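Asks: Mind docking chains G and L on chain W? Use the hints.
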Amino acid sequence: MATTEPQTENPGRARILERLRTALRESTPRPLGAEGRSIFAPVTDVMARFQKECAANITECIATPDMQSSARAVADLLAALPPGEIFVQDSQALRRLAPEWQATRSIQWSSEGGPKESAQATITSAEALVALTGSVLVSAACGGRGASVVAPVHIVMATADQLVPDLDAAFELMRERNTVFQYSYVCLITGSSRTADIEKILVMGAHGPIRLIVVLALHHD
Amino acid sequence: MSHAAHEFLRSAAEKSADLAHRQIIRRGIDSYNAANVRGRSRFLDWEAARLRCQEIKWEAVNNLDRYLLEFEQRVKDRGGHVFWAENSEEARQYITDLATARGVRKVVKSKSMVSEEIHLGPALEKMGIKVVETDLGEYIVQLREEPPYHIVTPAMHLNRTQIADLFKEKLGDVDTDDPQQLVAAARRALRRDFFSAEMGISGANFLVADAGMIALTTNEGNGRLCTSVPRIHVVLSGIEKVIPRLQDLATLWPVLATAGTGQPITCYSTLAGGPRQPNEVDGPEEFHVVLVDNGRSELLANVEEREVLHCIRCGACINACPVFRTVGGHSYGTTYMGPIGSVLTPRLRGLDEFQHLSYASSLCGACTDVCPVRINLHHHLLHNRRDAVNASDRPWSERIGFMLWRWAVEDARRFRAAGWLARLGMRVVHRLRLDGTLLDPARPWNKNHAAPPAPAKSFRALWGKRNGNN
Amino acid sequence: MAKAALFIPCFVDQLTPEVGVDMVRVLRRLRIEMEFPEEQTCCGQPAFNTGYWSDARPVAKRFLQIFRNAEQVVCPSGSCTTMVRNFYPELLAGTPWHEEAIKVGQRVFEFSEFLVKVAKVTDVGASFPHRVAVHDSCHALRELHLKQESRELLRHVRGFELVEMPYSEDCCGFGGTFATKFGGISAAMGDAKAGYAESCGAEYVTATDPSCLLHIDGILRRRNSKVRTIHLAGILAQTAPRLERRAQAPATEGAR
Numbered sequence: 001m002a003t004t005e006p007q008t009e010n011p012g013r014a015r016i017l018e019r020l021r022t023a024l025r026e027s028t029p030r031p032l033g034a035e036g037r038s039i040f041a042p043v044t045d046v047m048a049r050f051q052k053e054c055a056a057n058i059t060e061c062i063a064t065p066d067m068q069s070s071a072r073a074v075a076d077l078l079a080a081l082p083p084g085e086i087f088v089q090d091s092q093a094l095r096r097l098a099p100e101w102q103a104t105r106s107i108q109w110s111s112e113g114g115p116k117e118s119a120q121a122t123i124t125s126a127e128a129l130v131a132l133t134g135s136v137l138v139s140a141a142c143g144g145r146g147a148s149v150v151a152p153v154h155i156v157m158a159t160a161d162q163l164v165p166d167l168d169a170a171f172e173l174m175r176e177r178n179t180v181f182q183y184s185y186v187c188l189i190t191g192s193s194r195t196a197d198i199e200k201i202l203v204m205g206a207h208g209p210i211r212l213i214v215v216l217a218l219h220h221d
Numbered sequence: 001m002s003h004a005a006h007e008f009l010r011s012a013a014e015k016s017a018d019l020a021h022r023q024i025i026r027r028g029i030d031s032y033n034a035a036n037v038r039g040r041s042r043f044l045d046w047e048a049a050r051l052r053c054q055e056i057k058w059e060a061v062n063n064l065d066r067y068l069l070e071f072e073q074r075v076k077d078r079g080g081h082v083f084w085a086e087n088s089e090e091a092r093q094y095i096t097d098l099a100t101a102r103g104v105r106k107v108v109k110s111k112s113m114v115s116e117e118i119h120l121g122p123a124l125e126k127m128g129i130k131v132v133e134t135d136l137g138e139y140i141v142q143l144r145e146e147p148p149y150h151i152v153t154p155a156m157h158l159n160r161t162q163i164a165d166l167f168k169e170k171l172g173d174v175d176t177d178d179p180q181q182l183v184a185a186a187r188r189a190l191r192r193d194f195f196s197a198e199m200g201i202s203g204a205n206f207l208v209a210d211a212g213m214i215a216l217t218t219n220e221g222n223g224r225l226c227t228s229v230p231r232i233h234v235v236l237s238g239i240e241k242v243i244p245r246l247q248d249l250a251t252l253w254p255v256l257a258t259a260g261t262g263q264p265i266t267c268y269s270t271l272a273g274g275p276r277q278p279n280e281v282d283g284p285e286e287f288h289v290v291l292v293d294n295g296r297s298e299l300l301a302n303v304e305e306r307e308v309l310h311c312i313r314c315g316a317c318i319n320a321c322p323v324f325r326t327v328g329g330h331s332y333g334t335t336y337m338g339p340i341g342s343v344l345t346p347r348l349r350g351l352d353e354f355q356h357l358s359y360a361s362s363l364c365g366a367c368t369d370v371c372p373v374r375i376n377l378h379h380h381l382l383h384n385r386r387d388a389v390n391a392s393d394r395p396w397s398e399r400i401g402f403m404l405w406r407w408a409v410e411d412a413r414r415f416r417a418a419g420w421l422a423r424l425g426m427r428v429v430h431r432l433r434l435d436g437t438l439l440d441p442a443r444p445w446n447k448n449h450a451a452p453p454a455p456a457k458s459f460r461a462l463w464g465k466r467n468g469n470n
Numbered sequence: 001m002a003k004a005a006l007f008i009p010c011f012v013d014q015l016t017p018e019v020g021v022d023m024v025r026v027l028r029r030l031r032i033e034m035e036f037p038e039e040q041t042c043c044g045q046p047a048f049n050t051g052y053w054s055d056a057r058p059v060a061k062r063f064l065q066i067f068r069n070a071e072q073v074v075c076p077s078g079s080c081t082t083m084v085r086n087f088y089p090e091l092l093a094g095t096p097w098h099e100e101a102i103k104v105g106q107r108v109f110e111f112s113e114f115l116v117k118v119a120k121v122t123d124v125g126a127s128f129p130h131r132v133a134v135h136d137s138c139h140a141l142r143e144l145h146l147k148q149e150s151r152e153l154l155r156h157v158r159g160f161e162l163v164e165m166p167y168s169e170d171c172c173g174f175g176g177t178f179a180t181k182f183g184g185i186s187a188a189m190g191d192a193k194a195g196y197a198e199s200c201g202a203e204y205v206t207a208t209d210p211s212c213l214l215h216i217d218g219i220l221r222r223r224n225s226k227v228r229t230i231h232l233a234g235i236l237a238q239t240a241p242r243l244e245r246r247a248q249a250p251a252t253e254g255a256r
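Protein chains in written order, with this note's numbering: chain W, 1 to 221; chain G, 1 to 470; chain L, 1 to 256.
Quick caveat, the hints were computed from the structure, so don't treat them as lab data.
Remember, it's a predicted structure, so these values are computed and weren't measured experimentally.
For glycine and all other residues, C-beta sits at the position ideal for the given N, C-alpha and C.
Derived list of chain G stretches under chain W, where covered just means 3 residues or more per stretch with a C-beta under 8 Å from a C-beta of chain W: (1) 132–140; (2) 181–188; (3) 191–205; (4) 223–230; (5) 247–257; (6) 266–274; (7) 282–289.
Subject to a maximum C-alpha distance of 35 Å in a straight line, what follows is the list of computed DSBU-like cross-link-like pairs (lysine-lysine): (8) Lys-130/G to Lys-116/W; (9) Lys-103/L to Lys-457/G; (10) Lys-76/G to Lys-126/G; (11) Lys-116/W to Lys-168/G; (12) Lys-147/L to Lys-457/G; (13) Lys-457/G to Lys-181/L; (14) Lys-457/G to Lys-117/L; (15) Lys-465/G to Lys-3/L; (16) Lys-200/W to Lys-168/G; (17) Lys-61/L to Lys-457/G; (18) Lys-116/W to Lys-106/G; (19) Lys-200/W to Lys-130/G; (20) Lys-226/L to Lys-447/G; (21) Lys-181/L to Lys-447/G; (22) Lys-103/L to Lys-3/L; (23) Lys-61/L to Lys-465/G; (24) Lys-200/W to Lys-170/G; (25) Lys-457/G to Lys-3/L; (26) Lys-147/L to Lys-447/G.
Extracted from the complex, chain W is given alone in its bound form (with noise of 0.2 Å):
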């Protein structure tokens, strides 16, 4: 994995260090911390918040009763676009929808690299759906990096028992799951790419996608 360094050398680093464990010799006082006080209140309707943090923050989402009827309606999405490419994760689950796709539209898989600039739509899996915020957690597994930010469509397949009240929960499923020791990447997209940095007039669609989707089965099969 490593390539040819071009610098090897650290003497600052010791120094550093030296300077650092120095310094901390002398400690100062524990501030008080919350104490057990609840920052936010807990979610009790999982669906119904994560829905309405979506309408919120702009990201559409769009409830099926089933995995294949998400497929038809990721199906639906697509004829709406402009013609080309679109870039799917390679996953066993995702292959197996693909037909509703493949009649229309030419797919690029994960397998074979990251999305090319050209792709319409990216379609991934998530890790999990983040309730409080409306999120959506991914990580390198769900079709690398580029999948959840090159395309200006990026179209999220996931189902309702992957919905987590809060971000505690979601850094707890990824304990579990030691995501972070499989993986370099992990991110939690909430909404579509914005900024506000002309007049703090909130403009949509910035470098990231333009549209974030997600097709919520309410069941697997």
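Replies: Below, chains G and L without anything else, positioned relative to chain W:
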């Protein structure tokens, strides 16, 4: 007076009188304030969130060596490299050496205040490497060849017409001042750069020790493209950005977003910890984290000032500051502006040259009120002032002034006499119509105010009269 | 109620004595016994704020000596009260006076704070039939956590109309030596404040801090503004003329 102080006074005077500037900033801040109020209401207990964040940063900073080593090990486990730079020069050298060795001709940059701090851009340009800022606000000020006006919204001092004219001149394919179209133009232009750059440089909002990952938040997605597409990803971060656990982000991410822009959470909250792994389909071939000291370890050693290192660079204090709103971000002439800049810069770059920033405050305390990690910012300004005085670095006129003041207030009779004399002087100056002129000892006050009337009797005289003198 | 020791800020004593006089009028009307420790001069804030802590220390110790035996101390200024309560402990840390600083600090009150929280009075029998905006002085607001107290007191003033000024919590720009060292910035901040005062239709601007009012007043008059300033004590000291009072519902008897 240092050169920096001169420049500050000059720019501050100019901007203070600029009513158009005041209006633009007022509107921007009002917009932020409205969003921030909404944002805080999403928390059940915002104060509890602040206390939690303060605690997290306290733990991180007071165990800095341990958590940095943990972070480093986990990054290396994934095949990444960590370089510890003692100062700006070492950090620049590492990155320029790397870029040269790898044949890098173009760099795309996601926002990094540390890159401003170490003046990385000019160093790369000097080697013939093109640097492209990809955060829209940074991109705009880069085209204008000026520094960022604010650490979170770098172009908040410009209106859409100015940006449209800029794009028309530099990009060519723009003939409108509609923000939607302007953003689309930037997207088109920067797309080319994302896909042709060999190196992406990003900052880091946090360095997560137990995961060995950097946390990077952007709304635009430029940070994600910089760290996904080019074959080399370099992270530049101050050493103080470390946090102990991934779990800590459950509070820090919403707090940073709320304090920074009023959002519940930033659009892309990313974690990156290494080059592309064997089980991944894409990603950079190399991952380098450059940890920058540049005076931070010294600040750590100053126990009284250590909490200043807790700063998460949200910009809330800058937005709350009435001095910032009056003089604008460029007047400071430093990488970090507003209250955090006024506290930090003298400590990192020298009290002798930058103490004026700590004095340029009315100590209103709004910054301390809004800081999400509860740094007692205005108290630190007072400490900076005290240390400047103790270093005997103040103008002699001020030192003499306070010697006289102390002499006058340590004795009630001297105080009464001094007060009587002052009031007499005010009456004389006023009668001779010298208020505000060069002959008026109170000129610094009277040149901006209508002179206050001088009372005939002091309170104590009136009290004595009514209650009988003892 | 215990006797109240009057802490009259140095510049109030010499430049704006009417603020002290008005505070005394109100306390007298409420039959609160007062004393004025004549040895007092200044709390030391100017030196402390400018970084001259070794000059501020002996002045602080002197203040504590003068007021150490007072059961309660009243001060018509949020910033001077803040100096004693919030900053003396830090200034005198590591000296034998540290404990005293904490103790005395707990017994020093800003005027509106004293009336509402200590004397437990919100109606002082005042009358001031005008439209008035309240400027929230920074120290009172953020260091002493006072905002509602002055408004409570003003709500009970006969004929009083409270006008909420936009950005009432924005600093006026005085900041002590800041006003002379960075006069351009200070004046611009005061100018903004003056503009808000004029735009909200108030006849007067009031505050707990006479230093803020000195600054805002100087700028308003420079602008030839119709808006005037008056300290909170100044409003509370006003009562209706004897004729009118007889026609009203029973009000607190007060001396003139």
